[in-house]
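Chains A and B supply the protein sequences, listed in that same order.
If you read the first sequence in full-length UniProt numbering, its first letter stands for residue 1, the second for the next number, and so on.
If you read the second sequence in full-length UniProt numbering, its first letter stands for residue 1, the second for the next number, and so on.
The reader is advised that the hints may include incorrect statements.
Counterexamples of contact, computed for chain A against chain B with all Cβ distances above 10 Å [claimed, not checked]:
hint	residue
1	I5
2	R15
3	L33
4	E76
5	H80
6	K98
7	H121
8	H128
9	Y142
10	W155
Straight-line alpha carbon distances no greater than 16 Å define the calculated EDC-like cross-link-like pairs of lysine to aspartate or glutamate that follow [what the hints assert, rightly or not]:
hint	chain 1	residue 1	chain 2	residue 2
11	B	K38	A	D73
12	A	K68	B	D73
13	B	K21	B	E104
14	A	K63	B	E75
15	A	K8	A	E138
16	B	K38	B	D12
17	B	K54	A	D73
18	A	K56	B	E76
19	B	K63	B	E4
20	B	K63	B	E127
21	B	K63	B	E122
22	B	K8	B	E127
23	A	K63	B	D73
24	A	K68	B	E116
25	A	K54	A	D73
26	B	K68	A	D73
27	B	K56	A	E76
28	B	K63	B	D34
29	A	K38	B	E6
30	A	K54	B	E75
31	B	K63	A	D73
32	A	K54	B	D73
33	A	K13	A	E130
34	A	K8	A	E120
35	A	K63	B	E130
36	B	K98	B	D73
37	A	K56	A	D34
38	A	K38	B	E127
39	B	K54	A	E75
40	A	K54	A	E37
Calculated directly from the structure, the hints in this document are not laboratory data.
Glycine included, C-beta positions come from ideal geometry on N, C-alpha and C.
Number of protein chains: 2
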Amino acid sequence: MGVEIERKFLVDKNRWQQLEKPEGTLYKQGYLLDSSEKVVRVRVAGENGYITIKGKSEGFSRKEYEYKIPVQDAEEMLAHFSGTVVEKTRVKITVAGKTWEVDEFAGANQGLLLAELELEHESEAFEHPEWLAEEVTEDERYYNVYLAKHPFSKW
Amino acid sequence: MGVEIERKFLVDKNRWQQLEKPEGTLYKQGYLLDSSEKVVRVRVAGENGYITIKGKSEGFSRKEYEYKIPVQDAEEMLAHFSGTVVEKTRVKITVAGKTWEVDEFAGANQGLLLAELELEHESEAFEHPEWLAEEVTEDERYYNVYLAKHPFSKW
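With the rest of the complex left out, here is chain A:
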């Protein structure tokens, strides 16, 4: 178990594209449940599968429980049990000792670029890389659960 503290930002597309960066990993994820109280997510990340249970967001924090599962199980559950599957390539990039996860969305969310940083506590300081744009941590439209139902290409 853990409490997740996460800040989320839009990414400046031009600056991001010019950056030298590592290879990304293909993610596919869908939701068995997405209420305001709790979320049950199934994810395929490259060669691995995961199931994740998240509680309600409280400020920047939320309870989160994540378990590795066989990737074949994850694929089957996405095919049988979830609604729209969100697809993206996740690039991990370290800036001033902190690892950012930048998601380049595909499919119905093509064109969206989001950067996330996980923190130890809510007031923790961090360097803002030059490719960051505005913060959207508390904007629910950028939650993946929202993007599954209301893809970016239709905004």
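We have chain A; now place chain B onto it with these hints.
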């Protein structure tokens, strides 16, 4: 992943009580989701925790995915995320080479005794032990999801 084929019976209380049988394990379980399409169950079984995803029942069969998780996580999820928790003691008893699971319910479902047998295929033969009473495989009132909402003591 797997497809679960299960048959369920009531148990003759007098015959069951007179039987010599092994110690049972205490189970507590609750549901993060229980729709007709899919179920997400969290269970504490003795010293172990589990999360289980089940699909829709089709006859005696349903898809089932089960993962072991830290028991502390399971306890926390039952406390924070589930509705009513179903409590029971599960006794495993082997009859003619097949292992029956007999659940002695407690709490709000006190007085209910249910026996389950998992099979390889739907037409598989098995011996009926003398403590079995009527079959209730397709009676939805005996699903644990139903018992969580409508406990046996209130029937």
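So, going through the hints one by one against the coordinates:
Even its closest Cβ contact with chain B, about 18 Å, leaves A:I5 beyond 10 Å, as expected for a residue assigned away from the interface. With a cut of 10 Å on Cβ distances, A:R15 stays outside the contact zone with chain B, its closest approach being about 40 Å. Listed as outside the interface, A:L33 is inconsistent with that label: its C-beta sits roughly 5 Å from the nearest C-beta of chain B, within the 10 Å cut-off. A Cβ of chain B approaches the Cβ of A:E76 within 10 Å, the least distance being about 6 Å, so the stated non-interface status is violated.
Interface exclusion of A:H80 from chain B breaks down, the closest Cβ pair being 6 Å apart, not more than 10 Å. Distance check on A:K98: its Cβ is at least 27 Å (rounded) from any Cβ of chain B, clearing the 10 Å threshold; non-interface status holds. Residue placement check: A:H121 keeps its beta carbon more than 10 Å from all beta carbons of chain B (closest about 20 Å). Every Cβ of chain B is farther than 10 Å from the Cβ of A:H128; the closest lies at roughly 34 Å, confirming the non-interface assignment.
Non-interface status of A:Y142 relative to chain B is upheld: no Cβ of that chain comes within 10 Å, the nearest being about 24 Å off. Under the 10 Å C-beta cut-off, the non-interface status given to A:W155 relative to chain B holds; the minimum distance is some 28 Å. Using a Cα cut-off of 16 Å, the hinted pair B:K38 and A:D73 holds, with the two alpha carbons roughly 15 Å apart. A distance of roughly 14 Å separates the Cα atoms of A:K68 and B:D73; the hinted pair therefore holds under the 16 Å criterion.
Restraint check for B:K21 and B:E104: the C-alpha separation of about 13 Å stays at or below 16 Å, so the hint holds. Taken as a hint, the A:K63 and B:E75 pair is honoured in the structure, with Cα atoms around 14 Å apart against an allowance of 16 Å. With a C-alpha separation of about 8 Å, the suggested pair A:K8 and A:E138 falls inside the 16 Å cut-off, and the hint holds. Proximity of B:K38 to B:D12 is assessed by CA-CA distance (about 31 Å); at most 16 Å being required, the pair is judged violated.
About 12 Å separates the Cα atoms of B:K54 and A:D73, which keeps this hinted pair within 16 Å; it holds. Proposed proximity of A:K56 and B:E76 is supported: the alpha carbons are some 14 Å apart, at most 16 Å. Between B:K63 and B:E4 the CA atoms are separated by roughly 6 Å; this keeps the pair inside 16 Å, and the hint holds. A threshold of 16 Å between alpha carbons decides the hint, and for B:K63 with B:E127 the separation of about 25 Å lies outside it, so the pair is violated.
The straight-line distance between the Cα atoms of B:K63 and B:E122 is roughly 14 Å, inside the 16 Å bound, and the hint therefore holds. For the given pair, B:K8 sits about 14 Å from B:E127 by alpha-carbon distance, which is consistent with the 16 Å threshold. Restraint check for A:K63 and B:D73: satisfied, since their Cα atoms lie roughly 11 Å apart, inside the 16 Å limit. Annotation: proposed proximity of A:K68 to B:E116 is violated, straight-line Cα distance about 29 Å (limit 16 Å).
Straight-line distance between C-alpha atoms of A:K54 and A:D73 comes to about 20 Å, which puts the hinted pair past the 16 Å bound. Simply put, B:K68 and A:D73 have alpha-carbon atoms about 14 Å apart, close enough for the 16 Å limit, and the pair holds. Taking the CA atoms of B:K56 and A:E76, the gap is near 14 Å; set against the 16 Å cutoff, the hint holds. For the suggested pair B:K63 and B:D34, the alpha carbons sit about 14 Å apart, so the restraint of at most 16 Å is met.
Distance check on the hinted pair: A:K38 and B:E6 sit about 30 Å apart at the alpha-carbon level, beyond 16 Å; violated. Proximity of A:K54 to B:E75 is assessed by CA-CA distance (about 15 Å); at most 16 Å being required, the pair is judged to hold. At most 16 Å may separate the alpha-carbon atoms for a hinted pair to count; B:K63 and A:D73 meet this at roughly 11 Å. Simply put, A:K54 and B:D73 have alpha-carbon atoms about 12 Å apart, close enough for the 16 Å limit, and the pair holds.
With a C-alpha separation of about 11 Å, the suggested pairing of A:K13 with A:E130 holds against the 16 Å cut-off. Taking the CA atoms of A:K8 and A:E120, the gap is near 15 Å; set against the 16 Å cutoff, the hint holds. Straight-line distance between C-alpha atoms of A:K63 and B:E130 comes to about 48 Å, which puts the hinted pair past the 16 Å bound. At most 16 Å may separate the alpha-carbon atoms for a hinted pair to count; B:K98 and B:D73 exceed this at roughly 32 Å.
Restraint check for A:K56 and A:D34: the C-alpha separation of about 10 Å stays at or below 16 Å, so the hint holds. In summary, the hint linking A:K38 to B:E127 is not supported, as the alpha carbons are separated by about 43 Å, beyond the 16 Å threshold. As the CA atoms of B:K54 and A:E75 are separated by approximately 15 Å, the hinted pair is consistent with the 16 Å bound. Restraint check for A:K54 and A:E37: the C-alpha separation of about 9 Å stays at or below 16 Å, so the hint holds.
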